[in-house]
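Heads up: the protein sequence lines correspond to chains W and P, in order.
The numbers in my numbering rise by one with no breaks, and the one at position 232 of the first sequence is 232.
The numbers in my numbering rise by one with no breaks, and the one at position 95 of the second sequence is 95.
Certain hints may be false.
Intra- or inter-copy, both count: the list cannot distinguish identical chains.
In silico SDA-like pairs for lysine to any residue, Cα to Cα no more than 25 Å straight-line [as the list claims (entries may be wrong)]:
(1) 251 with 227
(2) 251 with 46
(3) 251 with 215
(4) 287 with 320
(5) 191 with 70
(6) 251 with 57
(7) 251 with 131
(8) 287 with 17
(9) 303 with 74
(10) 191 with 222
(11) 191 with 302
(12) 251 with 219
(13) 177 with 197
Read the hints as simulated data drawn from the structure, not as lab findings.
Predicted, not measured: the structure shown is a model, and the values here were computed from it.
Protein chains: 2
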Amino acid sequence: MQNNAWFVGDDQSIAWREAPVPEVGADDVLIDVRAAGVNRPDLLQRMGVYPPPPGASEALGLEVAGTISAIGSAVTRFSIGERVMALVPGGGYAEQCRADQGSVMPLPQTLSFEEGAAFPETAFTVWTNTFEAGGLAHGERLFVHGATSGIGTMAAAIASAMGHEVFGTAGTDSKVKAAEELGFTKVWNYKTEDWSEAMQGHGGVDVALDMVGGDYVPRNLAMLRDGGRHVSIAFQAGLEAQVNIMAIMRKRLTLTGSTLRARPNAEKARLRGAVESSLFPLVSIGKLKPHIGLSLPMSEAEKAHDAMRSGALIGKAVLTR
Amino acid sequence: MQNNAWFVGDDQSIAWREAPVPEVGADDVLIDVRAAGVNRPDLLQRMGVYPPPPGASEALGLEVAGTISAIGSAVTRFSIGERVMALVPGGGYAEQCRADQGSVMPLPQTLSFEEGAAFPETAFTVWTNTFEAGGLAHGERLFVHGATSGIGTMAAAIASAMGHEVFGTAGTDSKVKAAEELGFTKVWNYKTEDWSEAMQGHGGVDVALDMVGGDYVPRNLAMLRDGGRHVSIAFQAGLEAQVNIMAIMRKRLTLTGSTLRARPNAEKARLRGAVESSLFPLVSIGKLKPHIGLSLPMSEAEKAHDAMRSGALIGKAVLTR
Numbered sequence: 001m002q003n004n005a006w007f008v009g010d011d012q013s014i015a016w017r018e019a020p021v022p023e024v025g026a027d028d029v030l031i032d033v034r035a036a037g038v039n040r041p042d043l044l045q046r047m048g049v050y051p052p053p054p055g056a057s058e059a060l061g062l063e064v065a066g067t068i069s070a071i072g073s074a075v076t077r078f079s080i081g082e083r084v085m086a087l088v089p090g091g092g093y094a095e096q097c098r099a100d101q102g103s104v105m106p107l108p109q110t111l112s113f114e115e116g117a118a119f120p121e122t123a124f125t126v127w128t129n130t131f132e133a134g135g136l137a138h139g140e141r142l143f144v145h146g147a148t149s150g151i152g153t154m155a156a157a158i159a160s161a162m163g164h165e166v167f168g169t170a171g172t173d174s175k176v177k178a179a180e181e182l183g184f185t186k187v188w189n190y191k192t193e194d195w196s197e198a199m200q201g202h203g204g205v206d207v208a209l210d211m212v213g214g215d216y217v218p219r220n221l222a223m224l225r226d227g228g229r230h231v232s233i234a235f236q237a238g239l240e241a242q243v244n245i246m247a248i249m250r251k252r253l254t255l256t257g258s259t260l261r262a263r264p265n266a267e268k269a270r271l272r273g274a275v276e277s278s279l280f281p282l283v284s285i286g287k288l289k290p291h292i293g294l295s296l297p298m299s300e301a302e303k304a305h306d307a308m309r310s311g312a313l314i315g316k317a318v319l320t321r
Numbered sequence: 001m002q003n004n005a006w007f008v009g010d011d012q013s014i015a016w017r018e019a020p021v022p023e024v025g026a027d028d029v030l031i032d033v034r035a036a037g038v039n040r041p042d043l044l045q046r047m048g049v050y051p052p053p054p055g056a057s058e059a060l061g062l063e064v065a066g067t068i069s070a071i072g073s074a075v076t077r078f079s080i081g082e083r084v085m086a087l088v089p090g091g092g093y094a095e096q097c098r099a100d101q102g103s104v105m106p107l108p109q110t111l112s113f114e115e116g117a118a119f120p121e122t123a124f125t126v127w128t129n130t131f132e133a134g135g136l137a138h139g140e141r142l143f144v145h146g147a148t149s150g151i152g153t154m155a156a157a158i159a160s161a162m163g164h165e166v167f168g169t170a171g172t173d174s175k176v177k178a179a180e181e182l183g184f185t186k187v188w189n190y191k192t193e194d195w196s197e198a199m200q201g202h203g204g205v206d207v208a209l210d211m212v213g214g215d216y217v218p219r220n221l222a223m224l225r226d227g228g229r230h231v232s233i234a235f236q237a238g239l240e241a242q243v244n245i246m247a248i249m250r251k252r253l254t255l256t257g258s259t260l261r262a263r264p265n266a267e268k269a270r271l272r273g274a275v276e277s278s279l280f281p282l283v284s285i286g287k288l289k290p291h292i293g294l295s296l297p298m299s300e301a302e303k304a305h306d307a308m309r310s311g312a313l314i315g316k317a318v319l320t321r
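With the rest of the complex left out, here is chain W:
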């Protein structure tokens, strides 16, 4: 069986080249990739600042959808030919991708391969950070920066489907409009408006999902209500943040955060189970699906990265075969 995949070169270029078909361990499945999701960490991996964890494929790509082409001896949940989607620690931009069975989900009938490839990374990230770490509870409000990003659009889709008000920021008026059409209650243009002040005037929020870091952190804390939670999932503007301890104490705030990729397989399997039981009911009735902003053939990975860098993308980019 042949395998080709997108690998990162020394000069941050990427190349589609042949590689051994991944070895299938007892708990692994091999997926014949029909679509691969594109994520911001893929750009970081190109830049050399987000290496794959030990044992993972060196090829790019953190999520795929396709059909099972081989299974390991201990695999019980899946059989060959089944339509699936999976979170993977690497190797998604490929013809064949290996996944731990604990990170694989059946592809719901309501999702295409493209939509399936756009689901795992953002759904797992939003679920574990917003609902598990952030504890977003009935009647509470969510705030998400990057409203039109893959994370932002998924957060709004999930939270609005579950009845929450969702607020956020975007960098242009047209993105503000697009985000509000995709489920946000209200979005502010961070280039022209003081979103923190505005949100405070609007009554504040209970959970802030932040991927900006830097001076956004104190501004996020300022708009949190009593008992509010701040969850960091990236730090695009700076990895150091100044926090006011008195505000944390007075409002009894919580700051936390996490990464997804480096978690052990058992933890990903637990999270996958939580996503299936919590979100599949919404997916199966067509109330929740990822928003695809760009779909390109697998050969155009470079173009997909350009689109993500440009900031013009709304929702997710996927590569298809």
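Based on these hints, arrange chain P on the given structure of chain W.
Positioned in the frame of chain W, the structure of chain P alone reads:
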């Protein structure tokens, strides 16, 4: 009935003067004070930076022990003459002190009035921050700055009685020795040792209880294990702290904090119930009691404050009548 109490003057002086006996509302008890606990926030209140919450007595004092001298019409848990200890939002340095019945506890047979007056503030603070907010779990390690403070000695007493290893800092070698005799597993002299490096070399901790703030916060975060929790209860060295978002994400840390005084009565009543059910079993068998470092007559409040400011005090100071 006569009442005298210690009040703060305009020039940060304090004066023992007559005041009306507190009015007893339906849910209040009046306590004939036999001993009042002295706390660091009392010094802040003198300096004008920690005012009593609305409705609380303007007199100093956050905890008392004594006997019930009057009860409101809705009070069911207590009767006149009963020995009690109580957390109060103010008015403890007095002859008569009003308390919401939800914040009052029977004084266990194993505690004197002095010990009872030294119990509520530190026990409530340690319980809610270390075990509730910090979630210190079986087999986990605690770190507490100010090992010989009222909070430090209570934290060590509770956590060591419950089987946890407890680490901390103190400012002199004799205080290090005293703290290790009072239940700490190991204490570092912060003037001569890099406690954060040392603790990391020692395997790290799961929960850090911090009252220092400022540059202690990043050093605390550095010694937290994966999944560790940082709980702020004061900020003696600075209310702004620099935190590393990548470390929070990578180790999945949580930062939180709280104040006790401004919580609503219903929340204090809930916490009082948690303290009674969790800590009274240890108190009643003599395994847990506050460490009294200084006991003075009520007339010597100024001297008690001097002792607290001097940094020489080990454990709690109380004022008795």
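Each hint, compared with the structure:
no., hint, result
1, 251 with 227, "both (6 Å within a copy, 22 Å between copies)"
2, 251 with 46, "between (40 Å within a copy, 24 Å between copies)"
3, 251 with 215, "both (19 Å within a copy, 21 Å between copies)"
4, 287 with 320, "within (24 Å within a copy, 67 Å between copies)"
5, 191 with 70, "neither (49 Å within a copy, 62 Å between copies)"
6, 251 with 57, "between (44 Å within a copy, 23 Å between copies)"
7, 251 with 131, "both (20 Å within a copy, 19 Å between copies)"
8, 287 with 17, "neither (39 Å within a copy, 68 Å between copies)"
9, 303 with 74, "neither (39 Å within a copy, 73 Å between copies)"
10, 191 with 222, "within (19 Å within a copy, 35 Å between copies)"
11, 191 with 302, "neither (28 Å within a copy, 55 Å between copies)"
12, 251 with 219, "both (14 Å within a copy, 23 Å between copies)"
13, 177 with 197, "within (20 Å within a copy, 50 Å between copies)"
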